[in-house]
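Could you slot chain B onto chain A? The hints should help.
Respectively, the protein sequence lines represent chains A and B. The opening residue of the first sequence carries number 1 in our numbering; numbering runs sequentially from there. The opening residue of the second sequence carries number 1 in our numbering; numbering runs sequentially from there.
Warning: the hint list may mix true and false statements.
If we take Cβ atoms under 8 Å as the criterion, some of the chain A residues that face chain B in the derived model are [what the hints assert, rightly or not]: (1) 41; (2) 83; (3) 90; (4) 102; (5) 106; (6) 108; (7) 111.
No more than 35 Å apart at the CA atoms, straight line, and that leaves these computed lysine-lysine pairs for DSBU-like [stated by the list, open to error]: (8) B:112 / A:14; (9) B:17 / A:14; (10) B:71 / B:100; (11) B:57 / B:71; (12) B:17 / B:112; (13) B:17 / B:57; (14) B:57 / B:112; (15) B:57 / B:100; (16) B:71 / B:112; (17) A:14 / B:100; (18) A:14 / B:71; (19) B:71 / B:17.
These are calculated hints, taken from the structure and not from any lab test. Glycine included, C-beta positions come from ideal geometry on N, C-alpha and C.
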Amino acid sequence: NAGVTQTPKFQVLKTGQSMTLQCAQDMNHEYMSWYRQDPGMGLRLIHYSVGAGITDQGEVPNGYNVSRSTTEDFPLRLLSAAPSQTSVYFCASSYREQGNTEAFFGQGTRLTVV
Amino acid sequence: KNQVEQSPQSLIILEGKNCTLQCNYTVSPFSNLRWYKQDTGRGPVSLTIMTFSENTKSNGRYTATLDADTKQSSLHITASQLSDSASYICVVSSPSAGNKLTFGGGTRVLVKP
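This is chain A alone, in the form it adopts within the complex (with noise of 0.2 Å):
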């Protein structure tokens, strides 16, 4: 199985620009969910779905959107990149909420806004 796949894994953008990080699991999970991992930091949750058609924001969704047409994708979408929303961002999948199931990650993307 694949598990959870992200794309690109590095991408470099000028301050302003607009993109979206590409996210898709093959585990038939529910629970799917976006993070930034800063260094020194905790990864902060950006957003999550429970299911299609279902978002919500997490800690830190300013500057960012989600959708979830499918069960299998979640992109996140930065509307206009800032030089803080340089990271490297996860995106991880569950079969239910992640408290009380295992969660998978995707390998990241590291992203530079400059």
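Quick look at chain B alone, frame taken from chain A:
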């Protein structure tokens, strides 16, 4: 405010030696506590998951302990190998936070030959 604190931030150990990583949390109420291993450039991978009723759980050379009364956990690595070089992340889940996960900042372990 980070509600999961890990120590030390980093450590260096010789191959074959043991080490113990610490995690203190203030997240309450508590669902479970997890330890993840994160290799450089990779996503976190789960090592153990413990509920409040579990005091210890092992996964090969990794043994996690939990004291729910003092809100402390430890991860013990036995007979370290070069492949153990990674960051180890303590994660706490709380039902009051919608079962979302609160991550510690991690301990970076370097195993030297």
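Hint by hint, here is what the structure shows:
1. 41: 6 Å, holds
2. 83: 22 Å, violated
3. 90: 5 Å, holds
4. 102: 6 Å, holds
5. 106: 5 Å, holds
6. 108: Because about 5 Å separates residue 108 (chain A) from the closest Cβ in chain B, which is inside the 8 Å limit, the hint holds.
7. 111: Where the cut-off is 8 Å and the nearest Cβ of chain B is about 14 Å from residue 111 (chain A), the hint is violated.
8. B:112 / A:14: 39 Å, violated
9. B:17 / A:14: 46 Å, violated
10. B:71 / B:100: 18 Å, holds
11. B:57 / B:71: Cα-Cα ~16 Å, so holds.
12. B:17 / B:112: Within the cut-off at roughly 10 Å; holds.
13. B:17 / B:57: 20 Å, holds
14. B:57 / B:112: Holds. Residue 57 (chain B) to residue 112 (chain B) sits at ~26 Å (cutoff 35 Å).
15. B:57 / B:100: 22 Å, holds
16. B:71 / B:112: 31 Å, holds
17. A:14 / B:100: Judged against 35 Å, a Cα distance of about 32 Å means the pair holds.
18. A:14 / B:71: Since the Cα atoms of residue 14 (chain A) and residue 71 (chain B) sit roughly 44 Å apart, the hinted pair is violated (cutoff 35 Å).
19. B:71 / B:17: Between residue 71 (chain B) and residue 17 (chain B) the Cα gap is close to 27 Å, so the pair holds against 35 Å.
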